[in-house]
Amino acid sequence: MSINICKSYFRAIGLSRGLQEHRNPFSWQDIPSTNFDRAFHIEAVSFPGVKQNQIDLEMEIPITVRLFLRGFSYVYENEERIKSECEAFFTLALKASNRLVQPGFIKNVRLISIFVEPFSESNDNWIIGRMEFSIKFIKPIESEA
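Under this note's numbering, read the sequence shown as residues 44 to 188, first letter to last.
In case anyone wonders, no lab produced these hints; they're calculated from the structure.
Don't be surprised by glycine CBs; every beta carbon is placed ideally from N, CA and C.
Treat the hints loosely; a few may be bogus.
Here are the simulated lysine-lysine pairs, DSBU-like style, with alpha carbons at most 30 Å apart [as the list claims (entries may be wrong)]:
hint, residue 1, residue 2
1, Lys50, Lys150
2, Lys182, Lys150
3, Lys50, Lys126
4, Lys182, Lys126
5, Lys150, Lys179
6, Lys150, Lys126
7, Lys50, Lys94
8, Lys150, Lys94
9, Lys94, Lys138
10, Lys50, Lys179
11, Lys138, Lys182
12, Lys50, Lys138
13, Lys138, Lys150
14, Lys126, Lys138
15, Lys182, Lys50
16, Lys126, Lys179
17, Lys94, Lys182
18, Lys126, Lys94
Ranges of calculated distance between the beta carbons of each label pair, as one might list FRET restraints [what the hints assert, rightly or not]:
hint, residue 1, residue 2, range
19, Leu154, Asp80, 18 to 26 Å
20, Glu103, Gln63, 35 to 43 Å
21, Arg54, Pro161, 53 to 61 Å
22, Ser177, Gln97, 22 to 30 Å
23, Tyr119, Ala139, 18 to 26 Å
Generate coordinates for the entire structure from the input sequences, incorporating the hints supplied.
Below, the structure written as structure tokens:
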């Protein structure tokens, strides 16, 4: 199994929530305005090793998931809406029956923090819910080439 399964885990959750993925791996800022409402972006660009023994490498992989909602003129209501969307998303991500039965080597998923923020200082009608996760991933290094 590859470390790519970490991103796939969150992709499956977003799609199951009826969200549309913005698939640029490096930039979430270039999301088209036509796709902004009920979209998500997964950022996984750092893969630090934590421990290693003769047969396994343990990694704590940081993953950032951003949910996007168009707020129109109801900023307060949409702030509540994005928090509800984030809560539904992280509940699925942290549910033991989801996170502990993954094929491959995902051993745990932790929520680090949630931020609710406007898309930009000049546009608070588009709201972003940013969730920071950490995935504990064990990669066998002895049994694979």
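Consistency of the hints with the structure:
no. : hint                        : result
1   : Lys50 - Lys150              : holds, 14 Å
2   : Lys182 - Lys150             : holds, 10 Å
3   : Lys50 - Lys126              : holds, 22 Å
4   : Lys182 - Lys126             : violated, 34 Å
5   : Lys150 - Lys179             : holds, 5 Å
6   : Lys150 - Lys126             : holds, 27 Å
7   : Lys50 - Lys94               : holds, 21 Å
8   : Lys150 - Lys94              : holds, 14 Å
9   : Lys94 - Lys138              : holds, 26 Å
10  : Lys50 - Lys179              : holds, 13 Å
11  : Lys138 - Lys182             : holds, 22 Å
12  : Lys50 - Lys138              : holds, 17 Å
13  : Lys138 - Lys150             : holds, 13 Å
14  : Lys126 - Lys138             : holds, 18 Å
15  : Lys182 - Lys50              : holds, 15 Å
16  : Lys126 - Lys179             : holds, 25 Å
17  : Lys94 - Lys182              : holds, 11 Å
18  : Lys126 - Lys94              : violated, 35 Å
19  : Leu154 - Asp80: 18 to 26 Å  : holds, 24 Å
20  : Glu103 - Gln63: 35 to 43 Å  : violated, 29 Å
21  : Arg54 - Pro161: 53 to 61 Å  : violated, 25 Å
22  : Ser177 - Gln97: 22 to 30 Å  : holds, 25 Å
23  : Tyr119 - Ala139: 18 to 26 Å : violated, 34 Å
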